[in-house]
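There are 2 protein chains.
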Amino acid sequence: MAEENTVFIGKKPAMNYVLAVVTQFNSGSNEVIVKARGRSISRAVDVAEIVRNRFIQDAKVKDIQISTEELTGEEGRKVNVSSIEIFMTK
Amino acid sequence: MAEENTVFIGKKPAMNYVLAVVTQFNSGSNEVIVKARGRSISRAVDVAEIVRNRFIQDAKVKDIQISTEELTGEEGRKVNVSSIEIFMTK
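Top line first, the protein sequences correspond to chains A and B.
Residues 1 to 90 (this note's numbering) are what the first sequence spells out, left to right.
Residues 101 to 190 (this note's numbering) are what the second sequence spells out, left to right.
Chain A on its own, in the form it takes in the complex (with noise of 0.2 angstroms):
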């Protein structure tokens, strides 16, 4: 899976990461990653809802994997923090 077909979830309004998967799949994907970290994994089940309910009828959520991924903090602390894939595709 290329990188280009992975949309990665922030902290802006779901609805501009909806768009960033609905103009992959209108620009010729067969397949998009959603994916996010830590608090942002609410917001990456928003998105693939609503891009399957109102946007793209026939996308499927294929697979869906979690993970854990350590990063250093401030300090060279290390911190787990959650992952969630989103495999997704028409």
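FYI, nobody ran anything at the bench for these hints, they're computed from the structure.
Worth double-checking, as some hints may not be accurate.
Calculated cross-link-like contacts (lysine-lysine; reagent style BS3-like; alpha-carbon spacing at most 27 angstroms) [what the hints assert, rightly or not]: (1) LYS162(B) / LYS60(A); (2) LYS12(A) / LYS178(B); (3) LYS135(B) / LYS178(B).
On a predicted model such as this, the values are computed, not experimentally measured, just so you know.
Please arrange chain B on chain A, whose structure you already have, making use of the hints.
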């Protein structure tokens, strides 16, 4: 899947729910469902990750389902809320 094997994630610290999941497994369950709605979805992912990384090494995430639930809010207003179910087995 019986209701008693489901752990509903709310707004308490993640470790409370980690303990609930670990207790389910240790009392003989082979499968536990971690379920959450809205902003608690991120915490549900944290709970599943902490359980398998720190407490029950042979626990696996077998499947993850996301969906949209329509709730009736104040004044009868309909609100769509995303939800997640994480199916864990050992």
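Results of checking the hints against the structure:
A C-alpha spacing of about 19 angstroms is found between LYS162(B) and LYS60(A), which places the hinted pair at or below 27 angstroms, so the restraint holds. About 23 angstroms separates the Cα atoms of LYS12(A) and LYS178(B), which keeps this hinted pair within 27 angstroms; it holds. At roughly 21 angstroms between alpha-carbon atoms, LYS135(B) and LYS178(B) fall within 27 angstroms of each other, so this suggested pair holds.
Hint violations for this structure: none, all hints satisfied.
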